[in-house]
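> Following the hints, complete the assembly by docking chain B onto the known chain A.
For the record, the sequence lines run as chains A and B.
Take the first sequence: its position 197, counting from 1, is numbered 197 in the numbering used here, and each next residue is one higher.
Take the second sequence: its position 41, counting from 1, is numbered 1041 in the numbering used here, and each next residue is one higher.
Quick caveat, the hints were computed from the structure, so don't treat them as lab data.
For glycine and all other residues, C-beta sits at the position ideal for the given N, C-alpha and C.
Hints are not guaranteed to be accurate.
[Stated by the list, open to error] Derived DSS-like pairs: lysine-lysine, alpha-carbon spacing no greater than 27 Å straight-line: (1) A/K522 with A/K160; (2) A/K49 with B/K1003; (3) B/K1035 with B/K1163; (4) A/K66 with B/K1002; (5) B/K1093 with A/K452.
[Stated by the list, open to error] Ranges of calculated distance between the beta carbons of each label pair, as one might list FRET restraints: (6) A/S438 with B/P1089: 16 to 26 Å; (7) A/V17 with B/S1154: 37 to 47 Å; (8) A/V400 with B/I1005: 41 to 51 Å; (9) B/S1154 with A/A447: 54 to 64 Å.
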Amino acid sequence: MNTELLGVVATYLLTLVIAIPLGKYLAKMFAGEKTWTDFLRPLENGIYKISGINPKEQMDWKQSMKALLTVNSVWLVYGFFVLLYQDKLPLNPDGNPGMTPDLSFNTVISFVVNCNLQHYSGESGVSYFTQHFVLMFLHFTSAATGIASAVVFFKAFRDKTTSSLGNFWEYFVKSITRLLLPLSLLMAIILAFNGTPTSYEARDQYISLQGDTVNVSRGPAAGMIAIKHLGTNGGGWFGVNSAHPLENPSYVTNTVELIAQMIIPIAMVLAFGYFIRRKKLAWTIFGVMTIGMFLLLIPTISSELGGNPAIAKMGISQTAGAMEGKEVRFGPAISAYWSTVTTIVSTGSVNSMHDSTMPLTGLWQLLAMMVNSFYGGCGVGILNYFIYLIIAVFISGLMVGRTPEFLGHKVEAREVKIAAVITLLSPFLILTGTGIASFVFTNFGDADWTVKPANWLNNPGFHGFSEMLYEMTSSNANNGSGYEGLGDNNIFWNISTGLVMILGRFLPIIGPVAIAGLLASKKFIPESAGTLKADTMTFALMTFAVIVVLNALSYFPALALGPLAEYFTLLH
Amino acid sequence: MKKYIIQSIRLTLVLMILLCVIYPLIVAFAGGFSKGNGGGEKVTKDGKVVGYARLGQSFTSPGYFWGRPSAVGYNAAGSAGSNKGPSNPDYLKDVASRIDTLLKYHPYAKRSDIPADLVTASGSGLDPNISVEGAKLQVKRIAEYRKLDEKTVSDLVEKNTTKPLFGLFGPSLVNLLGLNLSLDEVRIGNRE
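Looking at chain B on its own, in the form it has when it is part of the complex:
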């Protein structure tokens, strides 16, 4: 028994050096060569960091495409989902009121134009994407607000859409931060 205890302690110490020091340092070294140098890829506008490429952020002003509801208000230091069960009556009320809000801001839209992702909270509370349908719904509103023609806006949606992997696997999706950044660029472009 005593033999095993001593062996266990010594084995633990030597493995700690291998697994908790050497291993993560190699990974950190390799990660230094990735985009964002291992600290997460950042997005800049006019030289200022305006977000992380992978992390969703809150868009509530009418001139931007809106993202998905978030249980934590896009708090990137405390991710969480809503954890609401499918039959929870309070939750279903929330969903119904989100639908009403969307219909109010998109009076031209039918109920069936609203995709589920725009009225349900994401798993992380930090979803950086919306569905293509979710973006299409908002095109007219954005175009009217920004006084652009719809074609320009839907072209931007198209440009910021990621197709399934190799065209075969997984969903299509829209990168919200990229899309809203490119919207801002258009407005500046028009002024000049």
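With the rest of the complex left out, here is chain A:
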């Protein structure tokens, strides 16, 4: 095996080595059992006291979601105005301008919902102040929002029948103080010592070896890059994200960033098992997710290592693989791995330009975001997966002719309706969004926007369609990566993706938590011979089949028009 593939294997194994014990720790920590991080309690108590929060106060699922929506609304309003007027605020050494209202609308939603679609470029579009006080702040809080929601969901299955699901604020604060902040601190320091800047100095200028004058953007980036990965956020400091040599200076930092974005999503799945004392169930879920990931990963790597067939015809050497949009210090193998990781766990940071990846790679990237639950984002991954689980429980119930049950609670019409609505929401948002965009592109090409619709696409033909499909898919999945050739900083894309992102975030959180809350308040039915066991191989296969069928039915036509059509064109 060559050194590039060996790097991929080693990175994944290292991820597991860290994620598995982390999962155990998270379960204990959120359950309030004794852990070594208890020394942070005074800090947390201070935070509760200043905020007027009583962490012992029990909330039901509705109260938890109300708290979640309230605090997220506060951030939306705050962030919108700060981005709008960033040019008048301090810490703007490069003199970058304030955002336009539509860009600010898009950016603040994007960061509040953990998506981090970026229609601005970090070097020229934001100040050091907004990078820290809006964007990095939201990196932490949006990740903690997802994790806290997942813990509320966990709590619903821990006790037999209950309506008190713990305290949302407590979970939220502990996600930051005992998970995100310490890990970010550690990682930021690793990055700093490997070449990522940390100081507040402004843009620099030097004269190059052959006499060119070069301006260099920099700034305190390391802290933000750490949390952008740990929180599966993905919004980077520089325009090209983790392809930038200061944002991701070496193979070592690349490995660290790859591991960082995967550990919490995996740990949350395992924590679910420890938390509700059903380890086997968590490992079964983990198994399905892992198989799903490898089914996406292997063809991605093979398609990238194969290189571009059109360039192969020119007779040059593509022994390394496809290199357009990639960095030499990473190489195509780990870049392909990154593209899979960042699309399955909804980070959306990139270390190579997805717009330039091979057509089939694009297909797998899109599919990964459409499924959005092979590990999935911080906390929300397991919630997304739960929707598939409920559908699988329901279908299995129909097949054997019994009332469907999940973990001792009857799954009835109301829960299935919620699950069905959430399932339909993604294809609805992605496909109508792409449809409207295509319509505007073909019929209103001359509309007087910052970027004319006729000039939106950086690439003609099927690939151009993929650029629009990718943008909508990424917004709905709260992923945030993009086919960056798309001219997206104009009123159409800013508003449309803004709306898709906000709907694609909060409904898929509220839905599963509501189902869990409703189930938890029902009578507990002890297991009998007729119980559908959720932790068996058969049921795992059933869930996997549901995931495949639902997504294939929803998206095949769109995928055929974009990446598949391009693939077949290139073959000729």
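Just chain B, lined up with the frame of chain A:
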């Protein structure tokens, strides 16, 4: 509801102090001890800054090893990739003409000697590296231009090559700025 709003605002303020002031200041303090003191590691020649160690810069003169095509002309204040799709006909024309240019300057080379990284734009537009094959292709041209023997030049390439991590993980690569700096040193050394 009102209770939640007040709690939200107060929580936001206290977390801001922790996450947006204390956290980055600790990181900035620690980063002060790194190479380049947190402002990015610089490379100097004769006491003058000639570049950043991590950032690629443009090399177009025939006496230097050339780097990869950049969509932004190595503008370190506005990174970007080309974002060209693999089937884009204009893009494929660009690649073909880059190959022709390389063949013109390296008449001794076969098409199959040209590695893909030399004719495709990097993701950041600031790639500081090229592949080992990409450097080997240029050795003869540099040696002829600088009137050095090929062995001296390929030794320099060897010296500026980073092997895979622990010899096991990742690609081999050549540090372009380091290589071109060491080329300049040789010439000065020969004159003395």
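> So, for every hint listed, does it hold in this structure?
Each hint, compared with the structure:
1. A/K522 with A/K160: 9 Å, holds
2. A/K49 with B/K1003: At roughly 14 Å apart (the allowed maximum being 27 Å), B/K1003 and A/K49 satisfy the hint.
3. B/K1035 with B/K1163: This hinted pair holds, its Cα atoms lying about 22 Å apart.
4. A/K66 with B/K1002: Status holds; Cα separation ~11 Å.
5. B/K1093 with A/K452: 26 Å, holds
6. A/S438 with B/P1089: 16 to 26 Å: Roughly 21 Å apart at Cβ, these two residues keep to the hinted range, so it holds.
7. A/V17 with B/S1154: 37 to 47 Å: 40 Å, holds
8. A/V400 with B/I1005: 41 to 51 Å: 48 Å, holds
9. B/S1154 with A/A447: 54 to 64 Å: At 57 Å between Cβs, range holds.
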